[in-house]
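Chains as they are written, first to last, in our numbering: chain Z, 1 to 470; chain V, 1 to 163; chain Y, 1 to 360.
Treat the hints as calculated values from the structure; they're not laboratory data. Keep in mind that the hints are not guaranteed to be accurate.
[Unchecked claim] Within a straight-line C-alpha distance of at most 30 Å, the following computed DSS-like cross-link-like pairs (lysine-lysine) qualify: (1) Y:K224 with Z:K218; (2) Z:K51 with V:K74; (3) Y:K272 with Z:K218; (4) Z:K218 with Y:K27; (5) Z:K414 with V:K91; (6) Z:K229 with Z:K358; (7) Z:K229 with Z:K329; (8) Z:K414 with Z:K358; (9) V:K91 with Z:K229; (10) Z:K229 with Z:K44; (11) V:K133 with Z:K414; (12) Z:K408 with V:K145; (13) Z:K392 with Y:K276; (14) Z:K408 with V:K130; (15) V:K133 with Z:K408; (16) Z:K392 with V:K133; (17) V:K91 with Z:K408; (18) V:K130 with Z:K414; (19) Z:K408 with V:K79; (20) V:K145 with Z:K414; (21) Z:K414 with V:K74; (22) V:K79 with Z:K414; (23) Z:K329 with V:K79; (24) Z:K408 with V:K52; (25) Y:K272 with Z:K392; (26) Y:K28 with V:K133.
[Unchecked claim] Calculated Cβ distances over 12 Å to all of chain Z for the following chain V residues: (27) A56; (28) W95; (29) Q110; (30) R117; (31) G124; (32) G137; (33) V148; (34) E160.
[As the list claims (entries may be wrong)] Listed next, with one range per pair, are the computed distances between beta-carbon atoms: (35) Y:P275 with V:E112: 25 to 33 Å; (36) Y:A189 with Z:G397: 29 to 37 Å; (37) Z:P390 with Y:E220: 47 to 55 Å; (38) V:A26 with Z:N49: 31 to 39 Å; (39) Z:G397 with Y:L320: 21 to 29 Å; (40) Z:F181 with Y:L22: 55 to 63 Å.
Using N, Cα and C, we set each Cβ at its ideal position, and we do this for glycine too.
Here is how the chains run, residue by residue.
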Amino acid sequence: MNYPFWDVPHIGSGWVIGLIAIYHIMISHFAVGGGFYLPMAEAKALRENRKDWLDILQKHARFFLILTGVFGAVSGVGIWFAIGLTNPEATSTLIHNFVFGWAIEWVFFIIELSTAAVYYYTWGRIPKELHVKVGWVYAISSLLTLVIINGILTFMLFPGNTWLQVAGSGQEAHYFWNAFFNPTYWPSLLMRILVCTALAGIWALVTCSRLDGRLHAKLKTELVRWSAKWLVPSFALMPLALAFYLWQVPESQRSLLQLGMSTMGTGAFTQVTRIALLIIMTSGTIVLVVYFFAWRTPEDFSFAHAIAVLFLGLVATASGEYAREALRKPYVIGRHMFSNGIRVRDVARLNQEGFLTKSLWTTGPDKLAQGEAMFRGQCLACHTRDAYRPMKILLAGRTRESIGSLLKILHDYKPDSPYRSFMPPLAGTQAEVDALGDFLAAMISTNQTAAAENPAKPAKVAASSAKSAP
Amino acid sequence: MSKSKTKIEKQEQDDLLSRRGFASAALGGVGLCYAAAVSYPVYRYLSAPVEKSAAAAAVTSVTPPDAVKLPPGKHMMFKFGARPALLIHHKDGTWAALDAVCTHLGCTVQYETENDRIFCACHGGIYDAKTGKNISGPPPRPLGKYAVTVSQDAVVVTREKQG
Amino acid sequence: MKSVFASVFNWMDARLGLQDLLHLAQKKTVPVHRQTFWYYWGGLSLFFFLVQAFTGVLLLLYYRPGPEAYESVRQISFDTNFGWLIRSAHSWAANLMILAIFIHMFSVFFMKAYRQPREFGWWSGMGLLLLSMVFGFSGYLLPMNELAFFATKVGLEIPASFPLLGAKMASLVRGGLDVNEYTVQRFFALHVVILPALFLPLLGFHLWLVQKHGNALPPEEEDKPEAQRRTMPFFPNFFAKDLAMWLIALNILALLASLFPWELGPIADSLKPAPKGIHPEWYFMSSFQVLKIFGQWFPGASGEVIGMTLFTLGLVLWILVPLYDTSRKSGERARNATYFGLLALGILVVTTTWGYLAIR
Numbered sequence: 001m002n003y004p005f006w007d008v009p010h011i012g013s014g015w016v017i018g019l020i021a022i023y024h025i026m027i028s029h030f031a032v033g034g035g036f037y038l039p040m041a042e043a044k045a046l047r048e049n050r051k052d053w054l055d056i057l058q059k060h061a062r063f064f065l066i067l068t069g070v071f072g073a074v075s076g077v078g079i080w081f082a083i084g085l086t087n088p089e090a091t092s093t094l095i096h097n098f099v100f101g102w103a104i105e106w107v108f109f110i111i112e113l114s115t116a117a118v119y120y121y122t123w124g125r126i127p128k129e130l131h132v133k134v135g136w137v138y139a140i141s142s143l144l145t146l147v148i149i150n151g152i153l154t155f156m157l158f159p160g161n162t163w164l165q166v167a168g169s170g171q172e173a174h175y176f177w178n179a180f181f182n183p184t185y186w187p188s189l190l191m192r193i194l195v196c197t198a199l200a201g202i203w204a205l206v207t208c209s210r211l212d213g214r215l216h217a218k219l220k221t222e223l224v225r226w227s228a229k230w231l232v233p234s235f236a237l238m239p240l241a242l243a244f245y246l247w248q249v250p251e252s253q254r255s256l257l258q259l260g261m262s263t264m265g266t267g268a269f270t271q272v273t274r275i276a277l278l279i280i281m282t283s284g285t286i287v288l289v290v291y292f293f294a295w296r297t298p299e300d301f302s303f304a305h306a307i308a309v310l311f312l313g314l315v316a317t318a319s320g321e322y323a324r325e326a327l328r329k330p331y332v333i334g335r336h337m338f339s340n341g342i343r344v345r346d347v348a349r350l351n352q353e354g355f356l357t358k359s360l361w362t363t364g365p366d367k368l369a370q371g372e373a374m375f376r377g378q379c380l381a382c383h384t385r386d387a388y389r390p391m392k393i394l395l396a397g398r399t400r401e402s403i404g405s406l407l408k409i410l411h412d413y414k415p416d417s418p419y420r421s422f423m424p425p426l427a428g429t430q431a432e433v434d435a436l437g438d439f440l441a442a443m444i445s446t447n448q449t450a451a452a453e454n455p456a457k458p459a460k461v462a463a464s465s466a467k468s469a470p
Numbered sequence: 001m002s003k004s005k006t007k008i009e010k011q012e013q014d015d016l017l018s019r020r021g022f023a024s025a026a027l028g029g030v031g032l033c034y035a036a037a038v039s040y041p042v043y044r045y046l047s048a049p050v051e052k053s054a055a056a057a058a059v060t061s062v063t064p065p066d067a068v069k070l071p072p073g074k075h076m077m078f079k080f081g082a083r084p085a086l087l088i089h090h091k092d093g094t095w096a097a098l099d100a101v102c103t104h105l106g107c108t109v110q111y112e113t114e115n116d117r118i119f120c121a122c123h124g125g126i127y128d129a130k131t132g133k134n135i136s137g138p139p140p141r142p143l144g145k146y147a148v149t150v151s152q153d154a155v156v157v158t159r160e161k162q163g
Numbered sequence: 001m002k003s004v005f006a007s008v009f010n011w012m013d014a015r016l017g018l019q020d021l022l023h024l025a026q027k028k029t030v031p032v033h034r035q036t037f038w039y040y041w042g043g044l045s046l047f048f049f050l051v052q053a054f055t056g057v058l059l060l061l062y063y064r065p066g067p068e069a070y071e072s073v074r075q076i077s078f079d080t081n082f083g084w085l086i087r088s089a090h091s092w093a094a095n096l097m098i099l100a101i102f103i104h105m106f107s108v109f110f111m112k113a114y115r116q117p118r119e120f121g122w123w124s125g126m127g128l129l130l131l132s133m134v135f136g137f138s139g140y141l142l143p144m145n146e147l148a149f150f151a152t153k154v155g156l157e158i159p160a161s162f163p164l165l166g167a168k169m170a171s172l173v174r175g176g177l178d179v180n181e182y183t184v185q186r187f188f189a190l191h192v193v194i195l196p197a198l199f200l201p202l203l204g205f206h207l208w209l210v211q212k213h214g215n216a217l218p219p220e221e222e223d224k225p226e227a228q229r230r231t232m233p234f235f236p237n238f239f240a241k242d243l244a245m246w247l248i249a250l251n252i253l254a255l256l257a258s259l260f261p262w263e264l265g266p267i268a269d270s271l272k273p274a275p276k277g278i279h280p281e282w283y284f285m286s287s288f289q290v291l292k293i294f295g296q297w298f299p300g301a302s303g304e305v306i307g308m309t310l311f312t313l314g315l316v317l318w319i320l321v322p323l324y325d326t327s328r329k330s331g332e333r334a335r336n337a338t339y340f341g342l343l344a345l346g347i348l349v350v351t352t353t354w355g356y357l358a359i360r
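All chains should be built: construct the whole structure from the sequences, respecting the hints.
This is how it looks when you write it as structure tokens:
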């Protein structure tokens, strides 16, 4: 059955996942990096017998517990709701393959949540060494949740050839480890750990910035600089990790980076390349901004400065996740399932039997209703009507015939088709493709009639300009 | 107390000296990356006309492989220098070689056999398949046209003299 | 390596007195208090202006005014390597520059930094803002696309509604009764020769005044005894933070320019009907909407005249604020000036929002 596809106006359902996921990543990566920051800082403070450090760390631990335990955990569940609605087929594939993986992750997740609470609430109440050990248990278990989920995330970029050979045979679960340790697993894990350490430093800077630099000049200087150092490994190793990652990305996806954008001329890179370059630029900005704001004058480092660094971190993280998603085009699960949930091996059958045979509510004679079902089923996963990748603007000014030519190119999906590298094929019988064409033509023309029916404002402008030109 | 303090300070100073060298090298490196990020697009922007004229001067004629075997009614894509180009053997026996870069926003155009016309999928531009004239849609200019010389064993495509 | 630097520096220093400049910069201080954040906005405006000058010169290399204007911008955007990026950066930085100047202006107003001896700073700043808006208005037409054509047409309604000479002036600016290729040529001359010639000396004057008087303290800081006030040296502390702000600004500009490239749209066609919801740029939206409101309230052209007069009066009052809010003590006049500022900000926000809602 074709699911009643989730139609989110203006931003599209993908961005609902995106917004939740970016928010989640800012917190969840901190949950891993901060898990190491806390026991390491605590151990250092105990070693050097620094009571003042411990007071700050306790405050940081409370902030950490609330942020990760509440906002991080809740947004993680939010991703589940969103992906199930946005792409049920892909979610189903993930569950069928990785239900065991998620079970493992939940074990570590429960340990993580409980030790975080234990760590904060036993502060100063249990022997110091034991308390640091609780911190380490937390750190290891939270790292392990990342180790597990990373396998599932990277699987979607490219599941690896072994798994692809058995996909659809019912034997997939036997190849769990092949799918899990897919080609981009290790570089992606390395990159994510680096992001974790950087975010641990950035969030720690937020806590440190609340200290009054005049009253606690020395303490603030030490803490700000020590936290700023957490950004160093990330920025020193990130270029290498990125190169490793790109080396492991399948050639077909890597070529997306070089593809000249079809809507822009020379010298323009694809969206994903521009974003990749922006990530590098933003990382450079973070280094310099932390140096100028925090390292040089730690006493003056204010909350506003910390928020600026956090904002840049958000830009870099968001760009990174967007670029990773965009690199999967035209698939949602590399070479197995297209972005709109159609399995690669099903396309030929759908072309023969029809895409709408599974949309039983559209079997009536209404062609526009069929066209809309086609649109919801095959376009809505990436496009919206009027805002994000808007059909009304992308198709603006085209005749029905011209829309037909475009749909034919998408339907034929010839090897030299310019759309092949970033769009799925259009599946369905000729009648269904025609219905979609009629629906799209009607959609863009309603846009024009709306403008024609509502001439009040332009007329007013025209009238007032006529007045001034005597 | 004061003794340990001076010790820490001294250690900090030593650290600072080696650290300062590292920090200035790292910052200099980031600064250089910035300079490169700004100057690369600017350089390419300034050199655009140079690149164009060099590309135009580099190739004056091309012999598309096996073009002589192309039956009437068929077409093929080939490269004229770095640019994609389209060679059409029309049903009436005439040949046409056209630049395959849409004059609107630079997408690659394609020949539609059934409609005997050239179509750009990006924004629906349509060109005449013989002259390259822009017939409908957004393209502002006709496609560039090449001269075709057909001999016994090869089809040679050359740049037409301007004007 | 280091000794080479040192000897070059010494050679220059002996001739140019660099050491004195450095000392001056180190001696200069910037006040530190809760409102220090607003001190960065003047520098940010300057940064965006520098971006404008740089990208503007680059665009000048390929842009051709007159009848070919649209075609040349199309070539820049689609045929020239990275032309789209340069053009996008220019358009985005223009908007960000005016936004930064507005924030700078309101922060100066509410911190009462226009009081003696900084009156000329305020006036030169207002001059720079008005020139920037003319920069924006003239630059907007240069691509000669549909949007620019109609926005300029509508925008010229504002001067045209001035009583007596308004319509004549507007035609003179247009170089015709309607926007045409002479308008582009004129706006081009204005944009790249006349405005820079006015802007640069005024900017120099403004910066010299800032250097001469230093940063103004907001009233609540001035009330504090000297010992409780805090400062930081301009160099290197404030300078380093300024640099960081510039980097963030550059990063945001790169993000906007590369991910949201400025659209070109279809070529201007005076015979076509205006597209739906045509409107001037956001920084003219308020005055545009005020004119529209008054045009609806009063019959004929009188509404627009009344609206324009009120708007001009408000602007004159705004510019003259250093003359009637003079007291250092926070008294009734100072409070009234603050209320005036809040009222102006309120009207600006409300009419701009109203304008955008009205065109939807």
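Would the pair K91 (chain V) and K408 (chain Z) pass a check requiring their Cα atoms to be no farther apart than 30 Å? Measuring from Cα to Cα gives roughly 23 Å; hence the hint holds.
Starting from K133 (chain V), check that the Cα of K414 (chain Z) is at most 30 Å away, please. holds (26 Å)
Pair hint K272 (chain Y) and K218 (chain Z), alpha-carbon separation not exceeding 30 Å: violated (69 Å)
Is K414 (chain Z) within 30 Å of K358 (chain Z), Cα to Cα? holds (26 Å)
Within a Cα-Cα threshold of 30 Å, do K229 (chain Z) and K329 (chain Z) meet the stated pairing? Outside the cut-off at roughly 37 Å; violated.
Just to be careful, I want the Cα atoms of K414 (chain Z) and K91 (chain V) compared with a cutoff of 30 Å; is the pair within it? Since the Cα atoms of K414 (chain Z) and K91 (chain V) sit roughly 23 Å apart, the hinted pair holds (cutoff 30 Å).
Given hint K229 (chain Z) paired with K91 (chain V) - CA-CA distance at most 30 Å: Violated, because 72 Å separates the two Cα atoms, which is more than 30 Å.
Tell me if the straight-line CA distance from K408 (chain Z) to K145 (chain V) falls inside 30 Å. Satisfied, since the Cα-Cα distance of roughly 27 Å is no more than 30 Å.
Does the Cβ distance between F181 (chain Z) and L22 (chain Y) fall inside 55 to 63 Å? Roughly 58 Å apart at Cβ, these two residues keep to the hinted range, so it holds.
Chain Z versus W95 (chain V) - minimum CB to CB distance exceeding 12 Å, so not interface: holds (21 Å)
K145 (chain V) paired with K414 (chain Z) [C-alpha distance capped at 30 Å]: OK: K145 (chain V) and K414 (chain Z) at ~26 Å, within 30 Å.
Has the given pair, K329 (chain Z) with K79 (chain V), been kept, meaning a C-alpha gap of at most 30 Å? holds (27 Å)
Comparing the model with each numbered hint stated earlier shows that hints 2, 3, 6, 7, 9, 24, 26, 29, 30, 31, 32, 39 do not hold.
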